[in-house]
Amino acid sequence: MSEEIILRTDNLGISFGGLKAVQHVNLEIRKNEIYGLIGPNGAGKTTVFNMLTGVYLPTEGTFYLGDEELKGMRQDLINRKGIARTFQNIRLFNNMTVIRNVLVGLHNRPEFRCNPFESIFRLGHHFDNEEAMRNKAKELLSIFDLLEERNNLACNLPYGKQRKLEIARALATEPKLLLLDEPAAGMNPQETEELMETIRFIRDKFDMTILLIEHDMNLVSGICDRLTVLNFGTVLAQGNVTDVLHHPDVIKAYLGE
Amino acid sequence: MSTLIDGLSLGVIYALIALGYTMVYGIAKMLNFAHGDIIMVGAYSVFATLALCGLAFPAILVAVIVCVLLGISVERVAYRPLRGASPLAVLITAIGVSYLLQSIAQLIFGAKPRTVELFSFTPIRIGNSTISGASLLTLGVCIVIMAALTLFVNRTKTGHAMLAVSEDRGAAQLMGINVNRIIMLTFAIGSALAAFASVFYLLYIPSVNPTLGSMPGIKAFTAAVIGGIGSIPGAMIGGVLLGLIETICLRVPALAPFTTSIEFGLLIVILLFKPTGLLGKRRREKV
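If you read the protein sequences in the order shown, they are chains A and B. Counting in our numbering, the first sequence runs from 40 upward without gaps. Counting in our numbering, the second sequence runs from 47 upward without gaps.
Take these hints with a grain of salt, some might be off.
To be verified - Covered stretches of chain A (in silico footprint by chain B; criterion: 3 or more residues with CB under 8 Å from a CB of chain B, positions within the stretch not fixed): (1) 104-117; (2) 273-286.
Claimed, not checked - Here's a subset of chain B near chain A, in silico, CB distances under 8 Å, partners left out: (3) VAL123; (4) PRO133; (5) ALA135; (6) LEU195; (7) VAL199; (8) LYS203; (9) HIS206; (10) ALA207; (11) ALA210; (12) GLU213; (13) ASP214; (14) GLN219; (15) GLY222; (16) ILE223; (17) ASN224.
Calculated from the structure, these hints are not laboratory results. Every residue gets a Cβ at the ideal spot worked out from N, C-alpha and C, and that includes glycine.
Could you put together the complete structure from these sequences and hints?
This is the structure we're talking about:
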């Protein structure tokens with residue numbers, strides 16, 4: 040792991056009306072790290088993701104990707120700057136084919152620019168472009184074992200594969216930081232095991248930095264390098280995995296007094 | 047034979063307008079009730095340009111440009127600030143825009159209907175039936191326009207981005223798609239189609255008045271709902287079906303007085319059996 044910091048949040052917080060949903064969140068995520076964000080239900084984990092992707096505008100503090108401040112940018116621009124995410128409740132483009140979902144993710148890459156005229160009439164440049172895009176999409180799909188199903192509609196995939204497709208689509212936008220919102224939700228232990236393998240593989244293959252929200256403690260202790268625990272919108276503990284999981288406040292928050 | 051061609055050509059005019067409704071509904075998730083009045087503005091643009099220079103093709107060009115600019119500005123000024131507001135607020139705004147456009151037209155051009163002579167056609171004889179040249183032209187041009195639109199949506203990246211926005215706006219935005227740009231483009235395309243529809247409508251009924259857009263607007267909306275609102279092929283099928291039925295009813299003396307009732311009755315019957323329209327997709331809710 041290098042010392043280069045990919046994501047830094049500076050006193051990040053948001054309130055809805057008078058309700059302080061999240062406050063004083065300071066994260067420093069290093070390049071190539073798998074970083075876990077955990078906490079009981081309603082602790083504000085997804086709210087943090089929504090701020091980092093521009094869905095919510097933070098009311099306090101700010102955040103930086105590398106050296107660049109991204110607070111206040113439009114969602115699509117934040118994505119182009121390099122933050123991509125998946126969703127807690129899967130949000131694929133259901134009535135598109137599996138490969139088309141990934142192709143939409145590839146749209147904004149500069150190397151795949153193509154003008155509409157060429158696409159409509161299928162002229163020369165379009166073919167090279169389409170070919171390159173499809174190859175890239177297939178490469179991503181094969182990592183997630185989805186190549187066989189590429190022409191099925193996304194809504195017809197089994198649940199576990201829909202989760203994988205969401206990750207593939209997010210990776211297609213070529214992020215620097217990948218946010219996974221409960222990637223193992225609804226998976227059986229076998230699938231969770233495979234998912235852990237996949238997440239490690241993504242980190243190594245794409246040189247990726249990953250921030251994930253998770254409830255599954257096996258997964259968290261299995262793959263995360265460091266953790267932050269949120270409770271009632273504030274940071275309860277952060278640091279390396281064993282220290283955090285043995286922190287008395289954390290045990291109290293999870294198991295009660 | 048001539049009934050068939052006339053019916054089809056009226057049908058494709060409805061289809062062009064219905065496409066505007068259905069695309070805006072599918073992508074921006076709103077009913078743009080001012081869409082019919084864009085047709086009226088298109089028709090007055092043709093009228094005004096003809097009065098100034100007397101040439102048909104510049105008139106069509108001006109109509110398209112005026113309608114596209116109008117569509118984009120209406121979206122920017124009236125609808126964009128309401129993005130995320132309740133659907134009812136947006137609907138009322140759309141109705142407001144509709145009355146605004148009608149009143150402005152009435153202020154500028156007066157309430158009196160004006161005649162527009164765009165092209166004159168000699169009827170074409172095939173065997174022992176005559177076919178109107180205007181109908182043939184309408185049919186041909188509209189088919190080309192619809193084919194181009196289908197190719198655009200299905201083959202280009204922008205088209206796919208439009209489909210993605212209609213499926214899940216939030217997810218599309220987080221995949222790097224600029225949703226505002228896509229919605230603006232949708233309004234631009236819808237308004238351009240409305241401009242073409244206004245030109246063909248003038249060939250069919252060569253007169254303009256400030257409420258010219260309401261009836262074709264409502265009928266095209268009906269066509270979009272019959273076909274399944276949000277579905278592009280659905281709007282085409284719904285439009286053609288409605289145009290055929292209208293023309294056939296008008297030519298049968300016993301049915302002619304009831305034409306409009308039959309058209310809207312058809313809507314009710316279809317919605318009874320297929321509540322989402324002919325090609326509409328049922329939204330599956332996960333419980």
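- Of the numbered hints stated previously, which ones are contradicted by the structure, given in increasing order? 2, 3, 4, 5, 6 and 7
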